[in-house]
Amino acid sequence: MGTDIVIEQGKAKTNLDVFSATLQDLAEHDRDILVVTSDSRGSGKLAPFGQKYPSQHIEVGIAEQNLVGVAAGLASCGKKVFAVSPACFLTARALEQIKNDVAYSDNPVNLIGISAGVSYGALGSTHHSLHDFAVLRAINNIIIVAPADNFETGQAIKLAAKTDLPVYLRFGKKVMLPLKEINNDEFVFGKGRIITDGKDVAIIATGETVYPSLEAARKLKDQGVNATVVSMHTIKPLDTSLLAELAATCKAVVTVEEHSVNGGLGEACASYLLQHGISKPFKIIGIPDEYTVTGSQQDIFNHYGINEKGIAAVVLELLK
Amino acid sequence: MTEKELTKKSIEYRKNILKYIFYANAGHTGGSLSCIDILNVLYNHTMNVGPENFSSPDRDRYIQSKGHSVEALFVVLADKGFFPEADLNTLCKYKSHYIGHPTRKVKGVEQNTGALGHGLPISVGTALAGKLDNKKYRVFTLLGDGELPEGSNWEAALTAAHYKLDNLCVVIDHNKLQITGTTEEVCNTNPIDAKFESFGWAVKHVDGHNFHELKDAFDSIPFVAGKPNLLIAHTVKGKGISYMENVTKWHHGVPSEKQYEEAVAELDNAMITIPDDF
Ligand SMILES: Cc1ncc(C[n+]2csc(CCOP(=O)(O)OP(=O)(O)O)c2C)c(N)n1
Ligand SMILES: [Mg+2]
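Chains A and B, in that order, are what the protein sequence lines are. The numbers in the working numbering rise by one with no breaks, and the one at position 174 of the first sequence is 174. For the working numbering, add 320 to where a residue sits in the second sequence, where the first one is 1.
Warning: the hint list may mix true and false statements.
In the SDA-like style, the derived pairs of lysine to any residue whose C-alpha atoms are separated by at most 20 Å in a straight line are [as the list claims (entries may be wrong)]:
| id | chain 1 | residue 1 | chain 2 | residue 2 |
| --- | --- | --- | --- | --- |
| 1 | B | 413 | A | 236 |
| 2 | B | 413 | A | 304 |
| 3 | A | 45 | B | 324 |
| 4 | B | 339 | B | 536 |
| 5 | A | 173 | B | 536 |
| 6 | B | 413 | A | 125 |
| 7 | A | 174 | B | 414 |
| 8 | B | 413 | A | 58 |
| 9 | B | 425 | A | 290 |
| 10 | A | 236 | A | 219 |
| 11 | A | 174 | B | 345 |
| 12 | B | 324 | B | 536 |
| 13 | B | 413 | A | 262 |
| 14 | B | 413 | A | 50 |
| 15 | B | 415 | A | 310 |
| 16 | A | 173 | B | 572 |
| 17 | B | 425 | A | 174 |
| 18 | A | 173 | B | 499 |
| 19 | B | 415 | A | 45 |
| 20 | A | 45 | A | 73 |
| 21 | A | 45 | B | 425 |
| 22 | B | 569 | A | 289 |
| 23 | A | 45 | B | 572 |
| 24 | B | 339 | B | 572 |
Honestly, the hints are just simulated from the structure, not real lab data.
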């Protein structure tokens, strides 16, 4: 194992737990913090929030379009609103509300997509959000964030509460180990977080795929391949200066995401590189454009090579 | 099927629902138990559909909008012979088509559902096609009561009345609970009947666990000629398993081994105590 990649086990939580705890801290000091749910407070681990701050919790029932519209109205009156619903419904059912009432109308709602990607596993495609980066990337005036570990999640929530722009934040529900043992990183939307350094390949990952990317980097190191791993937590605005720098210094670029290979992080990176005349061996790892295989989140990751072995294999193939 | 036979079937169905949820270690238990008697009557008394005529354009259609109660549907479809029951051992496993919501990869399933608020508009289209083609088939749609706040339901309710779709029968599994708690405290939709009546629907109430009432209600479709039918079935979430009945957390709770055995024992006991006279 590479000495510079040490992963602390132990106190790790789900990003969902961090989200819920952070929001309670914020609400305690700021009465304008509101949570709006659509029968999603249990799934969002927000039952304690509702009990502690009943007047800061609005419930609209199973009605995601209404959820986002109501949130937009509240935000227009100065409330700091977190609209919380499974990522699949929030960004598909309520897409027009996001586009018109939030982004276009400049109502700075924080849209929290829980159980994102394929976190819902065997509940199937109705419950997966493999389209959210793609559809929201095509909408002006919204920040898209997929935090990887507990640190990023806590920071992202605090930052979202302070930001005057609409923010979409998505995460899953499994325990996420910290990406760094010692962490002094600054967290800013639009600035990628370098997890480990190496000159052979840049692995640019986001959300829950950063951890397996780090595992792949560890495996590659044993084989003499040095990888840079970046947590590109912000999909939009993309950290293009970091991307350009990595593409210039590394021999190949691989992107990894829990999203369709169409329209997500990978294509955002490819588009930037190609349009800036930067050509490097390049590969997008994600969910292919097919009827998604059924099974648990881990089954799906394994099936599509979103794991240590699969990511390492893609890197080795590119460097051949 | 007689009421006694239906009663027996429902006990078997409940046992299977619990069995496959227990094996899969996943499932929507409470809502499957609340709607199973409705599915039983639909598939074994009311509807003209089975594996033999499933590709016929004249078959009756069943569309389950509350897709999460898929275990109830799969168990009934297996019993009807759409597929071998043993297939359900793969429920929620890698590469299985038997996932946590209805999909058309499974024989007998009409529509892919799971995101709430989709079943009614699709059903309206299906019923409308029947009218356009002068077909006799009917469309049965199962909605959850917590699902009603989805606006698409009300948009479709308007269309159904506008086109006088009396070949459409919506059943609301009115178990008064959803994930968070009671429908009344989450988002009060009462009075449901008056709302639909004002939209131009004909509405009836039944005890959703009473086979006699369910049969009668379905036999009387159309309730009023030229109006879409709404049957509000008053049900108990978790019905049949005492410790699950009306308990919110059993929405998607999976029983422990001990709880599973207790539930099976309760159902076995119900089987031997079925009265002779109905
Ligand atoms: C559009 C959409 N939003 C949210 C969910 C998550 N969800 C699944 S079941 C459920 C509660 C459903 O309650 P109800 O309709 O009353 O069903 P039942 O009580 O019959 O199980 C929710 C919120 C979903 N499946 N689809
Ligand atoms: Mg209900």
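Status of the hints after comparison with the structure:
no. : hint          : result
1   : 413/B - 236/A : 35 Å, violated
2   : 413/B - 304/A : 16 Å, holds
3   : 45/A - 324/B  : 44 Å, violated
4   : 339/B - 536/B : 31 Å, violated
5   : 173/A - 536/B : 46 Å, violated
6   : 413/B - 125/A : 15 Å, holds
7   : 174/A - 414/B : 18 Å, holds
8   : 413/B - 58/A  : 37 Å, violated
9   : 425/B - 290/A : 14 Å, holds
10  : 236/A - 219/A : 30 Å, violated
11  : 174/A - 345/B : 17 Å, holds
12  : 324/B - 536/B : 15 Å, holds
13  : 413/B - 262/A : 27 Å, violated
14  : 413/B - 50/A  : 35 Å, violated
15  : 415/B - 310/A : 19 Å, holds
16  : 173/A - 572/B : 16 Å, holds
17  : 425/B - 174/A : 29 Å, violated
18  : 173/A - 499/B : 17 Å, holds
19  : 415/B - 45/A  : 30 Å, violated
20  : 45/A - 73/A   : 24 Å, violated
21  : 45/A - 425/B  : 33 Å, violated
22  : 569/B - 289/A : 36 Å, violated
23  : 45/A - 572/B  : 15 Å, holds
24  : 339/B - 572/B : 14 Å, holds
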